[in-house]
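> Chain by chain, the residues run as shown.
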Amino acid sequence: SQKIEQNSEALNIQEGKTATLTCNYTNYSPAYLQWYRQDPGRGPVFLLLIRENEKEKRKERLKVTFDTTLKQSLFHITASQPADSATYLCALANSGNTPLVFGKGTRLSVIA
Amino acid sequence: NAGVTQTPKFRVLKTGQSMTLLCAQDMNHEYMYWYRQDPGMGLRLIHYSVGEGTTAKGEVPDGYNVSRLKKQNFLLGLESAAPSQTSVYFCASRGTNTGELFFGEGSRLTVL
Numbered sequence: 001s002q003k004i005e006q007n008s009e010a011l012n013i014q015e016g017k018t019a020t021l022t023c024n025y026t027n028y029s030p031a032y033l034q035w036y037r038q039d040p041g042r043g044p045v046f047l048l049l050i051r052e053n054e055k056e057k058r059k060e061r062l063k064v065t066f067d068t069t070l071k072q073s074l075f076h077i078t079a080s081q082p083a084d085s086a087t088y089l090c091a092l093a094n095s096g097n098t099p100l101v102f103g104k105g106t107r108l109s110v111i112a
Numbered sequence: 001n002a003g004v005t006q007t008p009k010f011r012v013l014k015t016g017q018s019m020t021l022l023c024a025q026d027m028n029h030e031y032m033y034w035y036r037q038d039p040g041m042g043l044r045l046i047h048y049s050v051g052e053g054t055t056a057k058g059e060v061p062d063g064y065n066v067s068r069l070k071k072q073n074f075l076l077g078l079e080s081a082a083p084s085q086t087s088v089y090f091c092a093s094r095g096t097n098t099g100e101l102f103f104g105e106g107s108r109l110t111v112l
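Which chain is which? The protein sequence lines are A and B, in order.
Under this note's numbering, the first residue of the first sequence carries the number 1, and numbering increases by one thereafter.
Under this note's numbering, the first residue of the second sequence carries the number 1, and numbering increases by one thereafter.
Just to be clear, a hint being listed does not mean it is correct.
Taking lysine to any residue and the SDA-like style, the derived pairs with C-alpha atoms no more than 25 Å apart in a straight line are [to be verified]:
#, chain 1, residue 1, chain 2, residue 2
1, A, 57, B, 94
2, A, 104, B, 64
3, B, 9, A, 42
4, B, 70, B, 97
5, A, 104, B, 88
6, A, 3, B, 49
7, A, 3, B, 39
8, B, 71, B, 39
9, A, 104, B, 70
10, B, 57, A, 97
11, B, 71, A, 45
12, B, 57, A, 5
13, A, 3, B, 99
14, A, 57, B, 98
15, B, 57, A, 93
16, A, 71, B, 58
17, A, 63, B, 97
18, A, 57, A, 1
19, A, 71, B, 45
20, A, 104, B, 62
21, B, 9, A, 86
22, B, 57, A, 98
23, A, 71, B, 10
24, A, 59, B, 85
25, B, 57, A, 28
26, A, 104, B, 105
27, A, 104, B, 10
28, B, 57, A, 59
29, A, 57, B, 86
30, B, 57, A, 95
31, B, 70, A, 98
32, A, 3, B, 62
33, A, 104, B, 71
34, B, 57, A, 57
35, A, 3, B, 88
No lab work stands behind these hints, which were simulated from the structure alone.
With the rest of the complex left out, here is chain A:
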């Protein structure tokens, strides 16, 4: 069966450290993978998209890697801040026209 697994429900790190979140998938051949941020009581907000032929993407303090051999994406937040505390969702689609399928998310807490 198809699965998207985000490695942990919750992750606590100290301010200033790098947070690393993992997204693993099975029985998908994704054309692209996306990461979203969701704050309590709000809708998810898009952060980054990485395509199957890309290894890495960066945006400010965010970095995403995509390894189609390992079937894994890593999401990094460098120099983390308490304001980065949120739930982060991984999502993927097998093609440009198929709907996104979401992982259950990882709740990140950055402690000052």
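Chain A is fixed; fit chain B onto it per the hints.
Okay, now just chain B, sitting in the frame of chain A:
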């Protein structure tokens, strides 16, 4: 820009009652989606639309109907609400040439 607007934001129903959730987007997007989000389950796709006049089933379509009579609106209907439909419902949209989803703020539905 308003982006994606959902109404109502909160609703309490009794078992067996019917209701419609409205999603409106002002970005001229072709694709629209309805997801539900439950604790421990993540976002699950209910129905989606790839253009005006089209609809398709997602992962959990039973008990719901949808309509896309106008490009900017996507309606989600519950004909006979059940307690299992207690959830937070999110609408999302995207353009043809981008994978990024724009989400509404959610509609919290409680069925007693």
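> Work down the list of hints and note, for each, if the structure agrees.
Checked hints:
For the hint linking residue 57 (chain A) to residue 94 (chain B), the alpha-carbon distance of about 21 Å falls within 25 Å, and the restraint holds. For the hint linking residue 104 (chain A) to residue 64 (chain B), the alpha-carbon distance of about 22 Å falls within 25 Å, and the restraint holds. For the hint pairing residue 9 (chain B) with residue 42 (chain A), the CA-to-CA distance comes to about 11 Å; that is within 25 Å, so the pair holds. For the hint pairing residue 70 (chain B) with residue 97 (chain B), the CA-to-CA distance comes to about 20 Å; that is within 25 Å, so the pair holds.
Proposed proximity of residue 104 (chain A) and residue 88 (chain B) is supported: the alpha carbons are some 14 Å apart, at most 25 Å. At roughly 23 Å between alpha-carbon atoms, residue 3 (chain A) and residue 49 (chain B) fall within 25 Å of each other, so this suggested pair holds. Our distance criterion of 25 Å between C-alpha atoms is met by residue 3 (chain A) and residue 39 (chain B), whose separation comes to about 17 Å. A hinted pair counts as satisfied when its Cα atoms are at most 25 Å apart, and residue 71 (chain B) with residue 39 (chain B) does not qualify at roughly 31 Å.
Restraint check for residue 104 (chain A) and residue 70 (chain B): not satisfied, since their Cα atoms lie roughly 32 Å apart, outside the 25 Å limit. Between residue 57 (chain B) and residue 97 (chain A), the direct Cα distance comes to roughly 14 Å. Compliance with the 25 Å bound is thereby established for this hinted pair. The straight-line distance between the Cα atoms of residue 71 (chain B) and residue 45 (chain A) is roughly 22 Å, inside the 25 Å bound, and the hint therefore holds. Annotation: proposed proximity of residue 57 (chain B) to residue 5 (chain A) holds, straight-line Cα distance about 23 Å (limit 25 Å).
At roughly 20 Å between alpha-carbon atoms, residue 3 (chain A) and residue 99 (chain B) fall within 25 Å of each other, so this suggested pair holds. Between residue 57 (chain A) and residue 98 (chain B) the CA atoms are separated by roughly 16 Å; this keeps the pair inside 25 Å, and the hint holds. The hinted pair formed by residue 57 (chain B) and residue 93 (chain A) meets the criterion: a straight-line CA distance of about 16 Å does not exceed 25 Å. For a cut-off of 25 Å, the pair hint linking residue 71 (chain A) to residue 58 (chain B) stands: about 24 Å separates their Cα positions.
Straight-line distance between C-alpha atoms of residue 63 (chain A) and residue 97 (chain B) comes to about 23 Å, which keeps the hinted pair within the 25 Å bound. Of the pairs offered as hints, the one joining residue 57 (chain A) and residue 1 (chain A) is violated, with about 29 Å between alpha carbons and a cut-off of 25 Å exceeded. The straight-line distance between the Cα atoms of residue 71 (chain A) and residue 45 (chain B) is roughly 22 Å, inside the 25 Å bound, and the hint therefore holds. Between residue 104 (chain A) and residue 62 (chain B), the direct Cα distance comes to roughly 21 Å. Compliance with the 25 Å bound is thereby established for this hinted pair.
Only pairs whose Cα atoms come within 25 Å are accepted, and residue 9 (chain B) paired with residue 86 (chain A) is accepted, the gap being roughly 21 Å. In summary, the hint linking residue 57 (chain B) to residue 98 (chain A) is supported, as the alpha carbons are separated by about 12 Å, within the 25 Å threshold. Taking the CA atoms of residue 71 (chain A) and residue 10 (chain B), the gap is about 39 Å. The hint is violated against a cut of 25 Å. With a C-alpha separation of about 38 Å, the suggested pair residue 59 (chain A) and residue 85 (chain B) falls outside the 25 Å cut-off, and the hint is violated.
Of the pairs offered as hints, the one joining residue 57 (chain B) and residue 28 (chain A) holds, with about 19 Å between alpha carbons and a cut-off of 25 Å not exceeded. Between residue 104 (chain A) and residue 105 (chain B) the CA atoms are separated by roughly 18 Å; this keeps the pair inside 25 Å, and the hint holds. Straight-line distance between C-alpha atoms of residue 104 (chain A) and residue 10 (chain B) comes to about 23 Å, which keeps the hinted pair within the 25 Å bound. Simply put, residue 57 (chain B) and residue 59 (chain A) have alpha-carbon atoms about 34 Å apart, too far for the 25 Å limit, and the pair is violated.
Annotation: proposed proximity of residue 57 (chain A) to residue 86 (chain B) is violated, straight-line Cα distance about 38 Å (limit 25 Å). A C-alpha spacing of about 17 Å is found between residue 57 (chain B) and residue 95 (chain A), which places the hinted pair at or below 25 Å, so the restraint holds. For a cut-off of 25 Å, the pair hint linking residue 70 (chain B) to residue 98 (chain A) stands: about 21 Å separates their Cα positions. The straight-line distance between the Cα atoms of residue 3 (chain A) and residue 62 (chain B) is roughly 21 Å, inside the 25 Å bound, and the hint therefore holds.
Taking the CA atoms of residue 104 (chain A) and residue 71 (chain B), the gap is about 30 Å. The hint is violated against a cut of 25 Å. For a cut-off of 25 Å, the pair hint linking residue 57 (chain B) to residue 57 (chain A) is broken: about 32 Å separates their Cα positions. Between the alpha carbons of residue 3 (chain A) and residue 88 (chain B) the distance comes to roughly 22 Å, so the proposed pair stays at or under 25 Å and holds.
When each numbered hint is compared with the structure, violations occur for hints 8, 9, 18, 23, 24, 28, 29, 33 and 34.
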